[in-house]
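Asks: Need the complex rebuilt from these two chains, each delivered in its own frame; the hints are there to steer you.
Protein chains in written order, with the working numbering: chain F, 1 to 438; chain A, 439 to 898.
Just so you know, the hints here were simulated from the structure itself, not pulled from any lab data.
Treat the hints with care, as some may be off.
[Claimed, not checked] Here chain F is said to cover these stretches of chain A; the calculated rule only asks that three of the stretch's residues, wherever they fall, bring their Cβ under 8 angstroms from a Cβ of chain F:
1. 643-656
2. 702-713
3. 860-870
4. 873-882
[As the list claims (entries may be wrong)] Derived DSSO-like pairs: lysine-lysine, alpha-carbon spacing no greater than 30 angstroms straight-line:
5. Lys822/A x Lys412/F
6. Lys624/A x Lys247/F
7. Lys270/F x Lys624/A
8. Lys701/A x Lys260/F
9. Lys790/A x Lys270/F
10. Lys260/F x Lys882/A
11. Lys260/F x Lys883/A
12. Lys701/A x Lys412/F
13. Lys247/F x Lys897/A
14. Lys330/F x Lys368/F
15. Lys718/A x Lys172/F
16. Lys892/A x Lys172/F
17. Lys391/F x Lys718/A
18. Lys892/A x Lys391/F
19. Lys897/A x Lys179/F
20. Lys892/A x Lys260/F
21. Lys867/A x Lys270/F
22. Lys790/A x Lys840/A
23. Lys270/F x Lys883/A
24. Lys247/F x Lys718/A
25. Lys897/A x Lys172/F
26. Lys649/A x Lys862/A
27. Lys247/F x Lys892/A
28. Lys838/A x Lys822/A
29. Lys883/A x Lys247/F
Since this is a predicted model, take the numbers as computed values, not measurements.
Idealized CB from N, CA, C, for every residue including glycine.
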Amino acid sequence: MSACTPKSLASSGQKPIQEMCHPLGAEEAVLTPSPDVRNLTSSIGEKDQILTNGTPVETSSPSSSSSLLNRLQLDDDLDGETRDLFVTVDDPKKHVSTMETYITYRVVTKTTRVEFDLPEYTVRRRYQDFDWLRTKLEDSQPTHLIPPLPEKFVMKGVVDRFSEEFVETRRKALDKFLKRVADHPVLSFNEHLNSFLSAKDLNKRQGLALLSKMGESVKYVTGGYKLRGRPVEFSAMGDYLDMFTQKLGTIDRIAQRIIKEQSEYLAELKEYGPVYTTWAASEVELQGPLEGVASCMANCSIALDELTQDMSGDFLPVLREYVLYIESMKAVLKKRDNVQAEYEAKREAAALRKEERPTAKVPTDVEKCQDRVECFNADLKSDWDQWQNNKTQDFRQLLTGMADHNIQYYEKCLAAWDLCVFQFLTGHLHRRQKSEED
Amino acid sequence: MMADSGSEEIAVIGNTDLTSAELENNIKNTMVEIEKWTSVLRKMEISVGEAEKRTGKNTVNMQEIYTVYLIETRPVDAVTEGIIPAPDSLWRRYSEFELLRNYLLVTYPFVVVAPLPEKRAEIVWHKLSADNMDPDFVERRRVGLENFLLRLASHPVLCNDKIFYIFLTEEKGWKEMVYETGFQAKADSRLKAMNAAFRVKNPDKRFTELKHYSDELQTVVSQLLRVRACRNSQNIKIEAAESKKLCKIFLQRVADRLYGVYKVHGNYGRVFSEWSAIEKEMGDGLQSAGHHMDAYAASVDDILEEEEHYADQLKEYLFYTEALRAVCRKHELTQFELEMAAQDLASKKQQKEELVTGTVRTFSLKGMTSKLFGQETAEQREVKLQVLEQQIEEGEEAVKEKNAESDEFVKTAWIDIEHFKDQKDRDLKEALISYAIMQISRCKKGIQVWTNAKECFNKM
Numbered sequence: 001m002s003a004c005t006p007k008s009l010a011s012s013g014q015k016p017i018q019e020m021c022h023p024l025g026a027e028e029a030v031l032t033p034s035p036d037v038r039n040l041t042s043s044i045g046e047k048d049q050i051l052t053n054g055t056p057v058e059t060s061s062p063s064s065s066s067s068l069l070n071r072l073q074l075d076d077d078l079d080g081e082t083r084d085l086f087v088t089v090d091d092p093k094k095h096v097s098t099m100e101t102y103i104t105y106r107v108v109t110k111t112t113r114v115e116f117d118l119p120e121y122t123v124r125r126r127y128q129d130f131d132w133l134r135t136k137l138e139d140s141q142p143t144h145l146i147p148p149l150p151e152k153f154v155m156k157g158v159v160d161r162f163s164e165e166f167v168e169t170r171r172k173a174l175d176k177f178l179k180r181v182a183d184h185p186v187l188s189f190n191e192h193l194n195s196f197l198s199a200k201d202l203n204k205r206q207g208l209a210l211l212s213k214m215g216e217s218v219k220y221v222t223g224g225y226k227l228r229g230r231p232v233e234f235s236a237m238g239d240y241l242d243m244f245t246q247k248l249g250t251i252d253r254i255a256q257r258i259i260k261e262q263s264e265y266l267a268e269l270k271e272y273g274p275v276y277t278t279w280a281a282s283e284v285e286l287q288g289p290l291e292g293v294a295s296c297m298a299n300c301s302i303a304l305d306e307l308t309q310d311m312s313g314d315f316l317p318v319l320r321e322y323v324l325y326i327e328s329m330k331a332v333l334k335k336r337d338n339v340q341a342e343y344e345a346k347r348e349a350a351a352l353r354k355e356e357r358p359t360a361k362v363p364t365d366v367e368k369c370q371d372r373v374e375c376f377n378a379d380l381k382s383d384w385d386q387w388q389n390n391k392t393q394d395f396r397q398l399l400t401g402m403a404d405h406n407i408q409y410y411e412k413c414l415a416a417w418d419l420c421v422f423q424f425l426t427g428h429l430h431r432r433q434k435s436e437e438d
Numbered sequence: 439m440m441a442d443s444g445s446e447e448i449a450v451i452g453n454t455d456l457t458s459a460e461l462e463n464n465i466k467n468t469m470v471e472i473e474k475w476t477s478v479l480r481k482m483e484i485s486v487g488e489a490e491k492r493t494g495k496n497t498v499n500m501q502e503i504y505t506v507y508l509i510e511t512r513p514v515d516a517v518t519e520g521i522i523p524a525p526d527s528l529w530r531r532y533s534e535f536e537l538l539r540n541y542l543l544v545t546y547p548f549v550v551v552a553p554l555p556e557k558r559a560e561i562v563w564h565k566l567s568a569d570n571m572d573p574d575f576v577e578r579r580r581v582g583l584e585n586f587l588l589r590l591a592s593h594p595v596l597c598n599d600k601i602f603y604i605f606l607t608e609e610k611g612w613k614e615m616v617y618e619t620g621f622q623a624k625a626d627s628r629l630k631a632m633n634a635a636f637r638v639k640n641p642d643k644r645f646t647e648l649k650h651y652s653d654e655l656q657t658v659v660s661q662l663l664r665v666r667a668c669r670n671s672q673n674i675k676i677e678a679a680e681s682k683k684l685c686k687i688f689l690q691r692v693a694d695r696l697y698g699v700y701k702v703h704g705n706y707g708r709v710f711s712e713w714s715a716i717e718k719e720m721g722d723g724l725q726s727a728g729h730h731m732d733a734y735a736a737s738v739d740d741i742l743e744e745e746e747h748y749a750d751q752l753k754e755y756l757f758y759t760e761a762l763r764a765v766c767r768k769h770e771l772t773q774f775e776l777e778m779a780a781q782d783l784a785s786k787k788q789q790k791e792e793l794v795t796g797t798v799r800t801f802s803l804k805g806m807t808s809k810l811f812g813q814e815t816a817e818q819r820e821v822k823l824q825v826l827e828q829q830i831e832e833g834e835e836a837v838k839e840k841n842a843e844s845d846e847f848v849k850t851a852w853i854d855i856e857h858f859k860d861q862k863d864r865d866l867k868e869a870l871i872s873y874a875i876m877q878i879s880r881c882k883k884g885i886q887v888w889t890n891a892k893e894c895f896n897k898m
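Same shape as in the complex, but just chain A (with noise of 0.2 angstroms):
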């Protein structure tokens, strides 16, 4: 709906709470900048190569190293008589993906925003340490954060923020940039207010169902991920003291197990040799045979290798259920706003019809006291007549833009999920057709191997 038009009326609806006046100017500034950027982002390569460190001084003014990443971007349709133009790049580190990503979330609520991944070594894969600094883990972190990427620019709301666009485009300046937009002052007000408990009288059925499922498949992902605090990992051989206390993991421990059976065959290669060396008539074919054994021990590194590809595509999905959720709760706020605002506007007409009746049906403290110390004067009751009055026509323009928000979001809302709900199932059923074709392709070498062993074993 939204990605053709580049339409303005996305980037109003999220800023309700600005003025007029920065609604206009916000108009102006988005049409003069949509026409530059929104075609060229849905042409553009993106892509996170290298990663470095850095060393400077944090928040706290004391010394840090820390990692950076190359973003590189270049117009697809740059590639003219066969040259390719050198890619434009900047740098940026994990807190300022992690920024673009509080603000894309506050300024679009009703959007389900990819994840970033991890930020500290959490979920670890078989191998060693938790530590950020760790070469395969600032690998992976790499290609999350290009997916990420990749992920923003393919949504037809996101695409178009300008917000998006200067983060790939231009290093400096690009945070005090976003602090400009005052998103922060929103992200706190909206937190505080998701954080508070309350209760929405007439929830939307198909949010609380929404809501259901991404609980669900969170449970199940974390399940085959089993992603759970444990407190002894006797069955996990990670090194690193520290995984102690981590995540047990559930993909992890079937690649664990599955490593150890292809390692110990490797011990067969070692024995054969020594053996073959006794041997006369048997020695070549056991010595040959033993190095097939070599062979398929060595072969479980690339196995585990696409095992943890596999794991990583249902990490995502299993973050992207907090972004679900996000989504949902947020509506219930804005529903709850709205009942909010139409409670407040009831009780204020309800308060007029006494007034005017001189009924009172409700308990006040007013009522009594005029009760008790005479009524007021005819003059007074104007006054108080009039300022009800007001009160009750800003009220119903509080609920019109309530409701009209409501709707609005609930229809932005929804086709933004029917949209990640195809993504989903696309990826989903990519990723396990994948993986079906990579144990394909485990089986039929195993099935090698082994036949080439045996011919060696025959000729013994």
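Chain F on its own, in the form it takes in the complex (with noise of 0.2 angstroms):
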């Protein structure tokens, strides 16, 4: 059995994963074991020359299942044919106890999948749980980016926590949390999902999660293991993280100071519109068009307001988590080298023994860790590919709402100041009538 297979597997009864029946493919599918399973049967040398040169390790070949799941998920109508298990988050309800208050959301899981012993689920949980699952599944899965959540401490003189506005932002970044680990390949089985998402009382044992998150850890920050030659697509991908990440920066200080101007904008229309109102009451002729002006004024500055929230109620939060989602694929991205490091590291010290015994065999924690290295890399680049089309999706969504809400806000405009020109010359052909008629 590699390493590389949660833990989770051999305790929780699921079945293991070269029995499952993975959700993206037919029964008759040529799902091979995973390349773990595959990899062990190679020689080690083979393993050992392609893993120094730092060349790509190629472990997506064809027939492997992670690479037909990646094929699989980038195509877009498959997705939603297939997807057995949809996760919403809604409904914020305030608790008020004695020891503190707290919201909690609501929960509701529909499914058709065999691990869930009902199709159905409502429960409700708060922050606090979306952390503890987590957290299991970082510990359980290490190998994968688990995507993020929101931010989890607020400064409370500067941020209401109870405000609509705050909660609601929040509700959709949990609500997005939990579809993307569904729509995973592998967390989605995770029994921790399965409980969080069932379970009546979620039983978190912190402790003992605490206790195990730091073994974990500890195994996979090791210290003092140097790296010695990345992968040249982990490179690529790290350094596409740092220059998306700057990119977001930029972006999201551009947005700020777009919603800055727009609202110093608004404050300057809010005065102005109501001089027309002063200027109709001194005049004759001329009070009907002014006061028209000035109610379109109003409009405008209705419809400038509007669009402010919606920037920032929409455009920020969903800009911010994604930064959030970078580092957490950079605390991956960084545990793959450590994992490869101490490879690195545990066959030189075999290959120095080798050479004072040679008749002795390698020993098996140095073939321990080249599995988990594969395995890491294998799952890394099904992650980081799947990664990439969220991130497509999810921006190509974020952009054409921010293109959505500005579009809005002229038609409103447009819509005003229509009705004004209407008035007016309605209201001038009314004049001219009645001056005839007179």
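Replies: Spelled out as structure tokens, the structure:
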């Protein structure tokens, strides 16, 4: 059994990976056992070559399950049809107890998966519970990218934790988090997710979780191992993430600046419009047109206000959440580096010993490390591809959303001014008619 | 009323201080000239073309640089057989326009005379300097001067003025002509009189209302333009240091903010371009969306130009309120003079009565001394009586004149004011509609740009 299969598999009663019916594949699909199992059978020598040369570790052969997954998941159409796990986070409610006040969210699950006893579940969860879930996922699936949660700590004096805006922003982020987990081919089968979605009371066993987390992290953030040759593709990922973070930061600043400018513009407009009303009071012929302009300005102000709110509420939070996502991804890349470094170190040590005692066998822990590395690389790559795909979709949605908000703003203003001109002309005609009649 | 006849009455009434001989001369001259130019003026194209810089010596014999404007005139019906003849042209500087306007103000006190564009760049638009040499300022002044001339040419009374005609047609010697009319002296005395504090006993209600209206209009348009002396202008991104002591402009502030909003979107253009370089699938969509953001940011310049144009239209009427108030004030002056003349007459009559009846009702030093030192002789009394009667006769004439003057003023002023009101209503209504249409166009462009950007995003 490779070291890379999740620990939970053995204990929870879930079927081992090899035997699972993959959600995206028909039962007769050519699903070879996972790459780690396959790799065990090939010679270690070959693997050495590939890894030390620094060439990309080609684990995704056409028949490997992970690459099949990738190709299937990149196809959007299949996604909708074959998904069998749907989750939603909604209905935030405030709970007041003697000790504390907090918000819970309703989590609704609909599924046809056999891993679940019922087809539908509705539970209430609070942020803490989401945090627990994420920690469990990180621990049990260390080679996978776990989607981020919204910020945990909020400065009590600065942000109102119970304001509608804040709660709604958080709800959306939590919903996104769960959806991403549910869509993940490996994470969605995690037993902790199952408990999270279905159990009446989460038996969190925080203490134990903390301990095990420490244990895992010790393994993966091993000190002292220096990485020799990082495969090019992972370096490329790291570079991309750095540049992408930078761009996101810039976009965040621009968006904030626009919101600020719009707010100031709005403030001016609110003072400017009413002057027309004052003016109208001292005019006779011009009274109608001037009042028309005043009310039009008022409507435009409202529209602008809505635009600013929408951008603050929809655009900025998603942008910021992606920064968190990138941080997670970078952390995973780092873990991978450490695992590889550890493997290289152990391998060298083993090679040295072999020189001294040529007949000695390759120690098993070196093999284990190699497995870990390959497993990690494979998982990471498949996650990366999915992440890229999701990212494209997410940003497409985000940016078209931004365009939509602006279009709506201009449409509202257009309607207001159209009405204004219409009133001018009809008022004018009406007066002309009147004077002709007189 | 006056538009068709080019009546000499108008010129005469304006010059109330002329002797009868001068009056006759004036009439003769104007009758000759009137035929010549009134019909031409009504069908004349006037335009203020380029502006040029000149150097010369000013009144204190120092070198200065000033701007001159080219005035071109051409009879409208001169376009025959499709050949447009070259226009007559001459150069004038701003101070000459000012002279013309001052002349008209004094000569036609009942007319609401169109305002000139600002002398100094006091109401500075959002761009840069308060410099009179700044090309944008010069251009906007050119437009303002042309507008001023067109206003005069379309005014039923002013269009017939000889000095105005010469201003447009003869470059040399015009200034001397204006001074020869002697309006300066009148201007000085009128200015003194107007600035003096006096109270009218029976003010004409309509003029009082008119004054209130012009005050209100001034307040409101000032607010829209927010012309207000202010000490710190930190909200405005005007680079020129001098502008810190200048007025804060409201429409400008709105325009400034709008400018900010549009321009920052240009930053999206840049970052999308940079971002597209590191993306594979999303690259093209981002790149083209970025171009649309750049176009969006650039579109604000045209928008601001149109806002500026609207502000200029409001500004003209802001300055018009001063002219309105001037007419009210002149009327008050006329009324005051009438009341003074009437009072004077009344007191003379009183004195006569006392002299005749021998009763002293009003205290006078003469009366006291005569009481103390003996009565006057009958001869003396007779002389005094004759003098008084003469004075009374003159006084009655004066009152009659002043009355006629006042009536004429009120009549003509009120006609001009109605004319002004109609013009104002028409102009401002048009300005408002244009403004609304401009906003509609802006909204449509906004929708277009964002729709284009959205398409690019969808292709990512």
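Asks: For which of the previously enumerated hints does the structure constitute a violation, in increasing order of number?
Replies: Hint check: 5, 6, 7, 9 fail, others pass.
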